[in-house]
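Read top to bottom, the protein sequences are chains A, B and C.
Final position of the first sequence in my numbering is 337; the numbers increase by one with none missing.
Final position of the second sequence in my numbering is 1311; the numbers increase by one with none missing.
Final position of the third sequence in my numbering is 2326; the numbers increase by one with none missing.
Please note that a few of the clues may not be correct.
A partial selection of chain A residues facing chain C, derived with a Cβ cut-off under 8 Å [said to hold, decoys possible]:
hint : residue
1    : Ser191
2    : Ala256
3    : Val272
4    : Asp276
5    : Pro277
Simulated from the structure, these hints should not be mistaken for laboratory data.
Note that beta-carbon positions come from the ideal geometry of N, C-alpha and C, so glycine has one too.
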Amino acid sequence: MTASPTPLLSAQDLARTYGVRRGIVGRATNVRAVDGVTLTISRGETLGLVGESGCGKSTTARLLLGMDRADEGQVRFDGAPMPRSGTPGWAALRKRMQLVFQDPMSALDRRLPIGLQIREPLEIHHMGTRAEQNARVAAVMAEVGLQPHHADRHPHALSGGQRQRAVIARALVTQPDLLVCDEPISALDVSIQAQVMNLLVELQERLGMGMLFVSHDLRAVRQISHRVAVMYLGRIVEEGTPDDILHAPAHPYSQALVSAIPHPGKIARRIVLQGDPPNPADRPAGCAFHPRCPMASMPCRTQTPQLKPRPSDGRRVACHVAQGEISPGHVGQLELS
Amino acid sequence: MLHYLGTRLLRATVSVVMVVTFVFIVLRMSGDPAIVIMGADAPPEAVDAFRTAWGLDQPIWVQYISFFKAILGGDLGQSMRDGRDAVAVVLERVPSTLALTVPAFMLNVGIGIPAGVYAALHRNTAVDRIVMVMAVTGFAMPSFILAMLLVLVFSVNLGWLPSAGQDSWFNAILPIATMGFGGAALLARFTRSAMLEVLGQSYIRTASAKGLSWSAVVWRHALQNAAIPTVTIIGFMLGGLVAGAVVVESVFSWPGVGRLLVVSVSNRDLAVVQTIVLMIALTMVTANLVVDILYGLLDPKMQSQTRPARA
Amino acid sequence: MAFVQIRDMSVAFGSAPALRGISLSVERGEALGLVGESGCGKSITWLAALGLLPRSAKVGGSVLLDGVELIGASPSVLEPVRGGRIAMIFQDPASSLNPVHRIGHQVAEALALHRGLTGAQARAEVVRLFDQVGIPDARNRLNAFPHELSGGQSQRVMIAMALAGEPELLVADEPTTALDVTIQAQILDLLGTIRRDTGMGLVLISHDLGVVAETCSRIAVMYAGRIVEQANSAAIFANPKHPYTRGLLGAMPPISGPRRKLVSIPGSVPEASRMPRGCAFAPRCSEAIAECSSVDPRAVSVEIGHLASCIRALPAKAHTPERAFA
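This is chain A alone, in the form it adopts within the complex (with noise of 0.2 Å):
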């Protein structure tokens, strides 16, 4: 698929910090959630963000959406900057990018039956007269998979794979021109998950939205994205097709995160990461990564790689072994926090 020539949606340096309290006798902390992520997502085209829990994969969702206002740097949807939350125009352009969330049964409301929960935006955002609402939810319903009869049922007097279906269509209903996936698989049943894989992937070449799918699972991200971030603690690492990513990890966590990756007949010895994922408020200095890394060297400990193209074959990566700055050395793990 071809990019159109101005990004759906663009992000430059976004950053985002939250004050927490430590405890009850609380000395605030900052904690920078997402450290200057720059992205860009076309029309007709998946990326996949991945990560694992404190990367700021969730937040930076937030911030591509406008729900969350960003302290640094900036958000454009086709072209235009990104309207303050709560505004008028940021409103008006709810109907045109959509979130789907991760659990169906809280994201729809219990006491509503599904088919007036798909109508809603509709009725929000002034489209069309009753009769054309109507037609155009039952449309959706069809597309995804749903049949007439479910409009009128509850969200509990359906199946997981269904609810999952009903969010999505009401996502769809005022045919947004992007589409957030946040974990939108993790809480459904294996057959389940392949089901609504199968209808993204479908529903995207049908209507040439664009997607941002997050998720901490490679092998989901593989099957519906067209390209991939790896996310570490607030950071983009790496970026690359999936087949890239997977078969070529380039940054030493996305080597880790794909021989992680349980799957049938694997005989090569997996990398295990040592220690536990970091915590955002306690950042390491340099690389955020180098506490925990097989190939850390000194300049790791203080230097921040950037996000750029390797000189070898153009992979964007933000490693400075990696970009054969430096040799790899073996700080990393004698550093154990």
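We have chain A; now place chains B and C onto it with these hints.
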């Protein structure tokens, strides 16, 4: 921990000041104490003289300031009824009230908690249902109705127990029973739900899976966790020890602090009412503080200062 | 004789059957994977075997541990078994530890119960166990409370607590589902190391075939309260005989090769109270025939050591249904 206590103390002081101010204002707005005490047909000069003597002719904010100065000096004024120090008047009634509330509290805890725990352990059996029905009844029934029912049965019909006054310790039985039953009912319900909540947690299953006998699981793992929310309720009950018997004392004509409060309010005996209210506020606030401290001791999350690490 | 022999176990809550006749055996030191989606009964199997289900559950069938019957056994039989011979760890480690007891104390409790260790001896052993499971700075962590630990560390404490009783079998119920992928790798690695060092058996319960494949030599797939296929891991992946197993394998997004549409099994798991007649999977099965809705499939040996509960799994001429365990 010190910072924790410090903030709590500060808030407690503010609460007390607010309560007393509120009472001060309400009492003076609700009727002229001079007229109430002297009587409606007293001559106006006598009423005026009374007012001046008690400083009631000053503007309200002047009264407030002198009131505060007096409190800080330990002087809460004199009872308008008989001129004695309000503090003395109130304090001499405290032992009578304690004679009721302390045994009642012991009944509450001694019956309520075991009943609640037993009901939780035998959920949905006949015993559980019976305990819960009794708990709801005790909780829902206003204390004066229960008091009167008991009087009807035990004093009037059976003639076993006296219904009023403070002649002998027999007189204390019915009032204690009234307060005991109501409080036990509340505690039983609360303890039962705290226990049920704890018993449904994963760590109880872990304890069983470890090979612990069921009684060890209940005693060593469940009870301490269930104690945490239960302590809050007990704390409030402690707060009511000194002046929580207003209705019961009135019904049984028991000469305690509660009854004194009722009488003083209707007589607009400002100093005494203020003293009692201040005392109630202080005991409630102290009880809350004690609960907070107990919480800090029982719940390890309050003790440690570090934030939990992320998964 | 197998270390644990489960025969025709059934569990019902009220009128709803959660397990409908499970037969399974676990040899000493073996690693068995138990795979299935929500509601298939994989956790209930072991909770029932250890007598950990609520009193209202009706458990039938037989579970023999080294020849001793566990179902319906008295507490004096079950309590030494729990933790002492079969230990169990659960899915969410953060809530599986008692929040008001220090972690050293919780592990020491198991030591006192099963090995009679107390005082300084117990403390030393707790430190050794913490070292074995990879908790850094073990000596100083004895007095920590559960909320001070991360998810990965909590799970390590759970494992230490399970090992305290020196069990011969560890049942791990979705031990890594709530954890990050890199921490999952650490925990699975740890379980492998412990098995090598102590010869302990492992039953790994998971919804993820990949997790189970790496760690277990034999896999049993469950659906709607029954075991639908059992074989060694290589056979399950190379030659799945039951349509549900094939569906599960097809639902896993491939790591390499072209992106293809994933196999999605239509419909959803039937509710326990409304189990279809005949094969429970038939309504969703792409290969179902008329007979599937009337015949209840028994486990059939399709190859040595490979059982499948599907009437279409064998060619028509060779149908001798055998007992479900070798």
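Against the structure, the hints come out as follows:
{"no.": "1", "hint": "Ser191", "result": "4 Å, holds"}
{"no.": "2", "hint": "Ala256", "result": "6 Å, holds"}
{"no.": "3", "hint": "Val272", "result": "5 Å, holds"}
{"no.": "4", "hint": "Asp276", "result": "5 Å, holds"}
{"no.": "5", "hint": "Pro277", "result": "6 Å, holds"}
Violated hints are absent here; each numbered hint is respected by the structure.
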